Amino acid sequence: MNITHSSARKLGLVSCQACHLLSRTPKTRSHEAAYCPRCGEELHPRKPNSLLRTWALVIAAMVFYVPANVLPMTITSALGSVSADTIMSGVIYFMQHGSWEIALVIFTASVFVPFLKFGILIYLLLSVQFKSIKRPKDRTRLYRFTEAIGRWSMLDIYVVTILVALVKLGFLADIEAGPAAIYFAAVVVTTMIAAESFDPRLIWDVVEDKS
Amino acid sequence: MHQIACHECDLIHEIPPMPSRAAAVCVRCGCVLFRAKNDSIDRTLAWTFAGLVLYSVAVSFPFLAMKNGPIGNETGLLTGIEFLYRQGMIPLAALVLLTCILIPLIQMLGLLYIFIPLKLNFRVKYAIPVFRLFKHIKPWSMMEIYMLGILVSIVKLGKMATIVPGLAVIAFGILIFVLNFALSAVDEHMVWEKLGGES
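Chains as they are written, first to last, in this note's numbering: chain A, 21 to 231; chain B, 321 to 519.
Since the hints were made in silico from the structure, they are not lab data.
As the structure is a prediction and not an experimental result, all values here were calculated from the model.
Backbone N, C-alpha and C define an ideal beta-carbon position, used for all residues, glycine too.
Treat the hints with care, since some could be wrong.
Stated by the list, open to error - Computed footprint of chain A on chain B, listed as stretches where at least three residues anywhere in the stretch have a Cβ under 8 angstroms from a Cβ of chain A:
| hint | region |
| --- | --- |
| 1 | 325-333 |
| 2 | 420-434 |
| 3 | 445-453 |
| 4 | 472-485 |
| 5 | 488-494 |
| 6 | 499-506 |
What the hints assert, rightly or not - Not the full set, but computed from the structure, chain A residues with beta-carbon under 10 angstroms of chain B:
| hint | residue |
| --- | --- |
| 7 | C39 |
| 8 | A201 |
| 9 | W224 |
What the hints assert, rightly or not - Pairs of lysine to aspartate or glutamate, EDC-like flavour, derived with a Cα cap of 20 angstroms:
| hint | chain 1 | residue 1 | chain 2 | residue 2 |
| --- | --- | --- | --- | --- |
| 10 | B | K445 | A | E61 |
| 11 | B | K455 | A | E228 |
| 12 | B | K458 | A | E216 |
| 13 | B | K479 | A | E61 |
| 14 | B | K445 | B | D359 |
| 15 | B | K455 | A | E167 |
| 16 | B | K514 | B | D362 |
| 17 | B | K357 | B | E334 |
| 18 | B | K458 | A | E167 |
| 19 | B | K455 | A | D105 |
| 20 | B | K458 | A | E61 |
| 21 | A | K30 | B | E334 |
| 22 | B | K455 | A | D158 |
| 23 | A | K67 | A | D225 |
| 24 | B | K479 | A | D194 |
| 25 | B | K479 | A | E121 |
| 26 | B | K514 | B | D359 |
| 27 | B | K458 | A | D194 |
| 28 | B | K387 | A | D194 |
| 29 | B | K514 | A | E61 |
| 30 | A | K151 | A | D229 |
| 31 | A | K30 | A | D225 |
| 32 | A | K30 | A | E228 |
| 33 | A | K151 | A | E61 |
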């Protein structure tokens with residue numbers, strides 16, 4: 021494998037996001053779209069409005085994160101008494117009943133992973149905006165990591181879906197999904213799209229421009 | 321010899337013809353540029369067919385049953401989604417339906433649509449947009465997380481009743497692996513060259 025020590029951007033080439041074919045950057049008017057000659061995907065030298073879109077989605081996800089954790093996730097009614105459980109009250113319940121592994125799994129997937137993802141994405145956004153040239157390789161790795169972990173926050177949505185299916189009326193108890201479930205789903209979807217809109221090549225653009 | 325730009329850092333690499341099973345890795349950021357696969361077409365097709373068989377078992381047989389003395393009730397894979405829908409949580413029901421049931425099915429059907437013609441050497445319409453769709457929906461398939469959800473639920477309800485796993489859960493569990501094998505047998509680079517070269 022030979023290395024040319026040059027980026028596609030410097031050579032006036034654009035790499036297709038879908039099929040990775042390299043083509044010349046087309047000379048179109050600013051609002052005219054260019055398409056990959058092989059697969060037909062819209063071509064962009066960098067993901068469009070990457071920083072702005074990622075910021076917007078991260079902020080939206082942080083807003084959803086609050087009701088997702090404060091509002092009840094499940095509403096259980098048994099023998100006439102109704103109890104509403106939030107994510108944290110579920111975690112505490114498991115800890116008190118000895119299944120700390122489950123408590124840890126739920127806490128990691130629902131509370132910690134989204135939080136970590138906000139932190140990493142904000143750090144990456146700031147590092148690009150303040151044109152940091154420090155440890156670009158590690159930052160690219162961090163990006164790869166955030167992309168991979170985001171989906172696991174869906175865990176609690178699935179637990180609720182399964183509980184609702186299993187515990188039906190006639191069992192002396194009934195479970196309904198609480199309003200937090202909707203917000204949780206919104207957190208997962210927006211953070212996944214946020215990670216997708218961030219363009220890791222921006223990290224390297226800054227490094228190249230400064231050297 | 322052809323050129324490829326790293327999709328994570330944009331560095332250009334010249335790639336010589338690759339031996340099978342070798343991976344090309346970006347020298348600057350360490351991202352995997354692509355991997356050459358062995359018998360990609362046959363292996364993808366075999367795993368995908370196996371996956372479809374398991375999938376039909378997973379959706380049609382009983383999934384989990386809850387027994388509490390004489391009373392018991394059985395659920396299917398779709399029961400939870402149906403209840404969320406009836407409760408009025410339509411976006412949530414749609415999200416679960418998509419991520420655990422529809423997207424894996426679309427992935428498998430998409431693979432068949434692309435790989436059967438490749439195997440038999442004929443061309444089909446829309447193969448390129450289908451493969452592009454296949455690439456875009458990949459992160460939204462979340463069956464393995466659903467499986468973890470089942471484990472959590474079993475522990476959660478284990479104190480009030482006995483949970484009996486049905487045939488569908490077993491099929492679903494194996495399907496996760498089989499679908500993963502099918503996806504990792506796909507040689508994207510080869511597919512794009514074949515699809516793009518013919519037009």
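Hints versus structure:
Note: the region 325-333 of chain B has 8 residues with beta-carbon separation from chain A under 8 angstroms; the three-residue rule is met and the coverage holds. Coverage of the region 420-434 of chain B by chain A is violated [criterion: at least 3 residues with CB-CB distance below 8 angstroms; count 1]. Note: the region 445-453 of chain B has 4 residues with beta-carbon separation from chain A under 8 angstroms; the three-residue rule is met and the coverage holds. Counting residues of the region 472-485 of chain B whose beta carbon lies closer than 8 angstroms to any beta carbon of chain A gives 9, which meets the minimum of three for the stated coverage.
For the region 488-494 of chain B, the assignment as covered by chain A is violated, since 0 residues bring a beta-carbon within under 8 angstroms of that chain's beta-carbons and 3 are needed. By the rule of at least three residues with a Cβ nearer than 8 angstroms to a Cβ of chain A, the coverage given for the region 499-506 of chain B is violated, with 0 such residues. Checking C39/A against chain B by beta carbon gives a least distance of about 4 angstroms; that is within 10 angstroms, so the hint holds. Against a cut-off of 10 angstroms between C-beta atoms, the interface hint on A201/A holds, since the closest Cβ of chain B lies about 6 angstroms away.
Because the beta carbon of W224/A sits about 4 angstroms from the nearest beta carbon in chain B, less than 10 angstroms, this interface hint is met. For a cut-off of 20 angstroms, the pair hint linking K445/B to E61/A stands: about 16 angstroms separates their Cα positions. With a C-alpha separation of about 30 angstroms, the suggested pairing of K455/B with E228/A is violated against the 20 angstroms cut-off. A distance of roughly 12 angstroms separates the Cα atoms of K458/B and E216/A; the hinted pair therefore holds under the 20 angstroms criterion.
For the hint linking K479/B to E61/A, the alpha-carbon distance of about 52 angstroms lies beyond 20 angstroms, and the restraint is violated. A threshold of 20 angstroms between alpha carbons decides the hint, and for K445/B with D359/B the separation of about 24 angstroms lies outside it, so the pair is violated. Of the supplied pair hints, the one linking K455/B and E167/A holds, its CA atoms being roughly 15 angstroms apart against a limit of 20 angstroms. Between K514/B and D362/B the CA atoms are separated by roughly 15 angstroms; this keeps the pair inside 20 angstroms, and the hint holds.
Of the pairs offered as hints, the one joining K357/B and E334/B holds, with about 19 angstroms between alpha carbons and a cut-off of 20 angstroms not exceeded. Taking the CA atoms of K458/B and E167/A, the gap is near 12 angstroms; set against the 20 angstroms cutoff, the hint holds. Between K455/B and D105/A the CA atoms are separated by roughly 38 angstroms; this puts the pair beyond 20 angstroms, and the hint is violated. The hinted pair formed by K458/B and E61/A meets the criterion: a straight-line CA distance of about 16 angstroms does not exceed 20 angstroms.
This hinted pair checks out: K30/A and E334/B have alpha carbons roughly 16 angstroms apart, not beyond 20 angstroms. With a C-alpha separation of about 26 angstroms, the suggested pair K455/B and D158/A falls outside the 20 angstroms cut-off, and the hint is violated. Distance check on the hinted pair: K67/A and D225/A sit about 13 angstroms apart at the alpha-carbon level, within 20 angstroms; holds. Simply put, K479/B and D194/A have alpha-carbon atoms about 16 angstroms apart, close enough for the 20 angstroms limit, and the pair holds.
At roughly 16 angstroms between alpha-carbon atoms, K479/B and E121/A fall within 20 angstroms of each other, so this suggested pair holds. With a C-alpha separation of about 15 angstroms, the suggested pairing of K514/B with D359/B holds against the 20 angstroms cut-off. A hinted pair counts as satisfied when its Cα atoms are at most 20 angstroms apart, and K458/B with D194/A does not qualify at roughly 35 angstroms. About 15 angstroms separates the Cα atoms of K387/B and D194/A, which keeps this hinted pair within 20 angstroms; it holds.
At most 20 angstroms may separate the alpha-carbon atoms for a hinted pair to count; K514/B and E61/A meet this at roughly 17 angstroms. The straight-line distance between the Cα atoms of K151/A and D229/A is roughly 10 angstroms, inside the 20 angstroms bound, and the hint therefore holds. The straight-line distance between the Cα atoms of K30/A and D225/A is roughly 10 angstroms, inside the 20 angstroms bound, and the hint therefore holds. For the hint linking K30/A to E228/A, the alpha-carbon distance of about 9 angstroms falls within 20 angstroms, and the restraint holds.
This hinted pair does not check out: K151/A and E61/A have alpha carbons roughly 30 angstroms apart, beyond 20 angstroms.
This entry does not satisfy hints 2, 5, 6, 11, 13, 14, 19, 22, 27 and 33, going by the numbered hints stated previously.
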